[in-house]
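Heads up: the protein sequence lines correspond to chains A and B, in order.
Be aware that the first sequence starts at 1, since it is given in the numbering used here, and climbs by one per residue.
Be aware that the second sequence starts at 1, since it is given in the numbering used here, and climbs by one per residue.
Don't read these hints as lab results, they were simulated from the structure.
By construction, the Cβ of each residue, glycine as well, lies at the ideal position given by its N, Cα and C atoms.
Footprint (simulated), chain B over chain A, 3 or more residues, beta carbon under 8 Å:
hint: 1; stretch: 25 to 35
hint: 2; stretch: 63 to 75
hint: 3; stretch: 131 to 139
hint: 4; stretch: 211 to 221
Partner residues aside, some chain A positions facing chain B, computed with beta carbon under 7 Å:
hint: 5; residue: Ala50
hint: 6; residue: Leu53
hint: 7; residue: Val58
hint: 8; residue: Arg85
hint: 9; residue: Thr122
hint: 10; residue: Val123
hint: 11; residue: Gly126
hint: 12; residue: Ala127
hint: 13; residue: Ser147
hint: 14; residue: Ala224
hint: 15; residue: Ile226
hint: 16; residue: Asp227
hint: 17; residue: Ile229
hint: 18; residue: Ser230
hint: 19; residue: Trp233
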Amino acid sequence: MLDRINQLADPIGAIIGFLLTIMVLSYIIGDNALFRLAIHIFIGVASGYAAVLILYNVIWFQVLIPVIQIFTTGKMDGLVAYALRVVPAVLLGIWMLTKASPRLARWGTPVLAFLAGVGAATVVAGAVRGTIFPQVGASVNLLNTQSAPAEISNLVGWFINGLIVLLGTVATLIYFQFGIQRQEEGVPVQRSVFMEYISTVGQGFIVVTLGVLFTGVYIAALTALIDRISFLWETILRLANI
Amino acid sequence: MTDIICPLCGKLNPPDLDECIYCQAPLKTGGFVAPSEDEDKISPILTSSEKPGEAENLVPEPKASSDLEQNIPDWLKQTEANFLDQSEAKPKETSPDELSEQIDSILTPSSAPPNPQDNAIDEEWLASLLDEAGVGMPEPPSLQEETPDETQEASLEEQEPEIYQEGSEAEVEGAAEEELALPTQPSEKPEWLKNLEASSKIKLEGELFGSEPVQYEAVVNETPEEKAQEQPPLPEWIAKPGSVEPPPSPEEPETPIAPAEIPNWLEALRPTDAVSPTGPVEDLSGADIVTAGPLAGLRGVISAHPSAIRAQKPPTYSIKLRVSDEQQARLEMMEELLADEEKPMPLPSQPIITTRNIFRLIVAVVLLLPMAWMIISGGKRTSAPQPGNIPGVVDFTQRIQLLPSGVPVLIAFDYEAGFSGELNIAITNVLTQLMNKSIYLTLVATTPSGPALAESMIKNASLSMARTPGFYSNYANLGYIPGGTMGLLGLATSPRNLLPYSLQIESVWAEAPLNAIGSIKDFSAVILITNDPDTARIWIEQIGPQLQEAGTPLLIVTSSQAEPLIRPYYESTPAQVQGMIAGLVGGVAYGRTVGNIQQNGIWDAFSVGITVSVLIILIGSIANVVVKSLPASKKKEN
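So here's chain A without its partners, still in its complex pose (with noise of 0.2 Å):
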């Protein structure tokens, strides 16, 4: 009986896909009742979803099994390191209930104060190690004669490249640079003529950016186009040969 289920699941769900993919293109001639509803069925079946991974994954996985596991399998010795590391986060997790009630919610600062902090704290450290420093060296870097090509045909678009590269980041931070020498009063504030050719230069390159950057999302947008055409025809033929 089982395996007839397994059997009938990928059908089931194939055409249930095949359903929702319909129902998604409607959109095609405008807004209406189909793709609403597929809409709604998919936000519910994600916060469902998303509930259970929690409670499956967190809760029971990384929670409870352990302590399941040390009693069954009687090494206690590991069980002072898990409760070193659980009690506190789950602690740490209840207090945090406490936002869900309005009256209750300020009890829950704390636990959110050094939530955050520890967030910050992780993420400006990351950040500094991981892509400030090693961005800034890199771009310092870019016509380092040390890593040039030894063939000179490489080495003319090594160069070409490391200085379109360098000229871009300049002009592009340049364009973002603000800070102007106060002025006298009445004198309208202006930078000068050279950052100002400058600044327009890495407004090119911003362009230039945002124009790979709609470039790169429109190609992920036809492909999963295609991905679901594809699908489409697949159900099709996967029907027709039931």
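Position chain B relative to chain A; hints supplied.
Same frame as chain A, but now just chain B:
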């Protein structure tokens, strides 16, 4: 020993105390001597030196102790005698009404006119007292000027000291009766009460002040000059000798006490208006009688019964506004407007066939039909892209090929299901390559849909491997990592503690090859699959530094929309990302490198879709320019 009853709280106190031990009230001046066990037959009013027999002998033969006692007016004596007679005639417990009547009879002046003979005697008595004090007799107000009320007030003025004295005695008796609570037979009077009555008779016959030597002992020892210095000047009505002057002790020689002399300047300063000795007497005949509590029987007083101070609900007052007809009409109009606002108004139905809808439909048809045709036909008209032309693909392939067989590799499925069409080809090819090398796959995810997608992709990749029967089992799905950035940092430092068990409830960290893993840098490679550039950046920032220290490659499979933001990490020197496959193009290119070019016409559809899209954008832009440049549209704009 004889105890002293406190005049304030009525409790017994030792005789050697000057103040009450319960309420700290002075005992020597107003204390009441209670009968002790040894002296229970001695009247508390008598001195301690007197014996009971002597007290009894004093009753029929009272003697005048001083001239002042002899000078007590007859009306005062008569009033006291009447009160004592009533007390003796009614030994039983009186009802509240009877008590009230008694109090009223004392407080309310007699309605009968005073005897002129008594008034004359009183005036003579008062004149003699004032003569002895050296103060002249004030001129009596003429009868013509006095109203009947004033006359009545004057009589009350004369009776008040007596009333006060009698009332004090009654209070003391009542307090002693309640506090001692002696069990007496209804037909018999207690001894102390008989003694008290006897003393009252003595007072009636002139022994009034001679029966309390203990209380006045200290006072008698003082000379009149010292007394005059210590005592503050009293009003004239208080300074009358018959009402205030303490009686001399019978043990001491009876010396007449001169009345106090009030200087003229002090007399002139006396505030006659503020300190009025005779305030208006309120008529309490119509007031209610207290029937319960300690004030039972009193009329015109606030009852101490708890019901008298019971909290009551305050009365409610109407706050209705006076609204005119015009205001009422405006109010109704406002209510109608508000009611109309709450009614759901159906949106105006737009026509299905509009220029915008037609244009949208044309674009959809033009875009979808070629792509659908390419998929349906399954053609392979377009060649796959060269891996060397796609940045990151070659490096990615080399990193995978360099992995030894059977080593653990961490794969993070951090992409949304909507991007499966773009990433599935690359993921399937990568997993196939790893499975061919028997790599131990350790699956994690920081998105909720990650674990399910990981299982699905493992299953698809296993099916694509024709030569391997069944599903690939050399993997561990550790599930979801909560905490976002902090969860990733925890994974980098201690993956064992963060994810101790797999979704199959297996302690995978105790078995090979994960038993050799202490931190994330111990993996042979880390592959991140994501469609979000921020997720990729967080992985690079939190995981990357540790991987770089150990030389572990970080490989990324990402979407086309995230590629521009991830590429700097790949292009940098030293590289923070050692290999990258971006979008469908990268997936197809990677499939070409590994020899798997099964695309089912998707690549052709993608190529056609890109071409059609370019054409639509170009044609639309040109048409827009042309339409805007036409004279008719310029006229419309103007």
